[in-house]
Amino acid sequence: AQTVTQSQPEMSVQEAETVTLSCTYDTSESDYYLFWYKQPPSRQMILVIRQEAYKQQNATENRFSVNFQKAAKSFSLKISDSQLGDAAMYFCAYRSAIKAAGNKLTFGGGTRVLVKP
Amino acid sequence: EAGVAQSPRYKIIEKRQSVAFWCNPISGHATLYWYQQILGQGPKLLIQFQNNGVVDDSQLPKDRFSAERLKGVDSTLKIQPAKLEDSAVYLCASSLVVFGGARENEQFFGPGTRLTVL
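For the record, the sequence lines run as chains A and B.
Everything in the first sequence is counted per this note's numbering, starting at 55 for the first residue and increasing by one.
Everything in the second sequence is counted per this note's numbering, starting at 18 for the first residue and increasing by one.
Keep in mind that the hints were calculated from the coordinates and are not lab data.
Do not take every clue at face value.
[Said to hold, decoys possible] Not close to chain B: a few residues of chain A, all C-beta gaps over 12 Å, as computed:
#, residue
1, Gln60
2, Glu71
3, Ser76
4, Ser82
5, Gln111
6, Val169
7, Lys170
[Unchecked claim] Distance condition first, Cα-Cα at most 16 Å in a straight line; then the derived EDC-like pairs of lysine to aspartate or glutamate:
#, chain 1, residue 1, chain 2, residue 2
8, A, Lys170, A, Asp135
9, B, Lys28, B, Glu102
10, A, Lys170, A, Glu64
11, B, Lys100, B, Asp80
12, A, Lys158, B, Asp74
13, B, Lys95, B, Glu31
14, A, Lys158, B, Glu123
15, B, Lys95, B, Asp80
16, A, Lys158, A, Asp85
17, A, Lys153, B, Glu123
18, A, Lys153, B, Glu85
19, B, Lys95, B, Glu85
20, A, Lys158, A, Glu83
21, A, Lys158, B, Asp73
22, A, Lys170, A, Glu71
[Stated by the list, open to error] Here are some, though not all, of the chain A residues that point toward chain B, as calculated from beta-carbon distances under 10 Å:
#, residue
23, Met99
24, Ala147
25, Phe161
The structure presented is a predicted model; accordingly, all values stated were derived computationally and were not measured.
The beta-carbon is built from N, C-alpha and C at its ideal position, and this holds for glycine as well.
Make the full structure from the sequences, and use the hints.
Structure below.
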């Protein structure tokens with residue numbers, strides 16, 4: 055079974071600065087997808103960014119970018135130019151590309167991001 | 018496009034009582050998921066439906082939890098009887114297809130139902 059680990063329970067960042075969230079995962083599969091989700095106090099999970107394991111190029115979405123290290127099974131999220139609205143819980147998630155595995159997401163334990171004005 | 022709808026948003030019950038949660042997925046989405054999120058943890062999949070059939074219910078505590086998806090649209094998750102450890106947020110999500118590239122089966126989440134069992 056796959057596992058996802060987020061070792062930072064909480065991270066604090068000054069507004070307009072950059073913060074990096076860590077995520078490691080364990081899998082024996084070669085093809086899979088990785089995601090970062092944001093969960094504000096409203097509880098609704100919002101997809102921030104996705105990465106296909108077969109792609110070497112790191113994904114970017116505006117101020118959000120990832121550092122995907124497949125050999126190290128590491129998938130970190132960088133938030134640049136942090137804004138007050140970025141304050142939330144962030145979850146790293148894994149999904150197998152094997153059809154038999156369905157579409158299940160396996161989540162890490164989350165990292166709370168605090169943004170200081 | 019309307020998102021995933023869930024109700025109620027909050028529910029407080031006594032242990033051993035019954036409770037039911039309702040989810041209406043995004044129109045046209047074939048797949049529906051129920052996740053349980055215990056405070057301080059990431060969500061855990063309880064059950065996954067494709068249309069009105071079950072794809073994965075391996076982590077559903079079947080002695081007390083049940084779920085159905087009538088006519089392949091709305092879904093109801095029930096707990097009977099509830100235990101203290103069932104206190105959690107129950108998230109519903111839907112995706113267009115069961116399997117495909119990452120974009121085709123992106124999961125869209127509802128706002129969740131926070132259950133407190135006293």
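Taking the hints in turn, this is what the structure says about them:
1. Not every Cβ of chain B is farther than 12 Å from the Cβ of A/Gln60; the closest lies at roughly 8 Å, contradicting the non-interface assignment.
2. Distance check on A/Glu71: its Cβ is at least 26 Å (rounded) from any Cβ of chain B, clearing the 12 Å threshold; non-interface status holds.
3. Against chain B, the non-interface label of A/Ser76 holds: every CB pair exceeds 12 Å, the least being about 15 Å.
4. Distance to chain B confirms A/Ser82 as a non-interface residue, since its nearest Cβ pair spans about 19 Å, more than 12 Å.
5. Every Cβ of chain B is farther than 12 Å from the Cβ of A/Gln111; the closest lies at roughly 14 Å, confirming the non-interface assignment.
6. With a least beta-carbon separation of about 20 Å from chain B, A/Val169 lies farther than 12 Å from that chain, consistent with its non-interface assignment.
7. Listed as a non-interface residue, A/Lys170 keeps its Cβ farther than 12 Å from every Cβ of chain B; the least gap is roughly 23 Å.
8. Distance check on the hinted pair: A/Lys170 and A/Asp135 sit about 12 Å apart at the alpha-carbon level, within 16 Å; holds.
9. Restraint check: the Cα-Cα separation between B/Lys28 and B/Glu102 comes to about 15 Å, which is no more than 16 Å; the hinted pair holds.
10. For the suggested pair A/Lys170 and A/Glu64, the alpha carbons sit about 13 Å apart, so the restraint of at most 16 Å is met.
11. Between the alpha carbons of B/Lys100 and B/Asp80 the distance comes to roughly 12 Å, so the proposed pair stays at or under 16 Å and holds.
12. With a C-alpha separation of about 11 Å, the suggested pair A/Lys158 and B/Asp74 falls inside the 16 Å cut-off, and the hint holds.
13. Straight-line distance between C-alpha atoms of B/Lys95 and B/Glu31 comes to about 15 Å, which keeps the hinted pair within the 16 Å bound.
14. About 11 Å separates the Cα atoms of A/Lys158 and B/Glu123, which keeps this hinted pair within 16 Å; it holds.
15. With a CA separation close to 11 Å, the supplied pair B/Lys95 and B/Asp80 stays within the 16 Å bound.
16. Proposed proximity of A/Lys158 and A/Asp85 is supported: the alpha carbons are some 14 Å apart, at most 16 Å.
17. With a CA separation close to 15 Å, the supplied pair A/Lys153 and B/Glu123 stays within the 16 Å bound.
18. At most 16 Å may separate the alpha-carbon atoms for a hinted pair to count; A/Lys153 and B/Glu85 exceed this at roughly 23 Å.
19. Taking the CA atoms of B/Lys95 and B/Glu85, the gap is about 9 Å. The hint holds against a cut of 16 Å.
20. Among the hinted pairs, A/Lys158 with A/Glu83 is consistent with the structure: their alpha-carbon atoms are about 15 Å apart, no more than 16 Å.
21. Simply put, A/Lys158 and B/Asp73 have alpha-carbon atoms about 9 Å apart, close enough for the 16 Å limit, and the pair holds.
22. A distance of roughly 10 Å separates the Cα atoms of A/Lys170 and A/Glu71; the hinted pair therefore holds under the 16 Å criterion.
23. With its C-beta approaching chain B no nearer than about 4 Å, A/Met99 sits inside the 10 Å limit, and its interface hint holds.
24. The beta carbon of A/Ala147 is positioned within 10 Å of a beta carbon in chain B (closest approach about 8 Å), and the interface hint is therefore held.
25. For A/Phe161, the suggested interface contact is upheld, since its CB lies about 3 Å from the closest CB of chain B, less than 10 Å.
Taken one by one, the earlier hints fail for this structure at numbers 1, 18, listed in ascending order.
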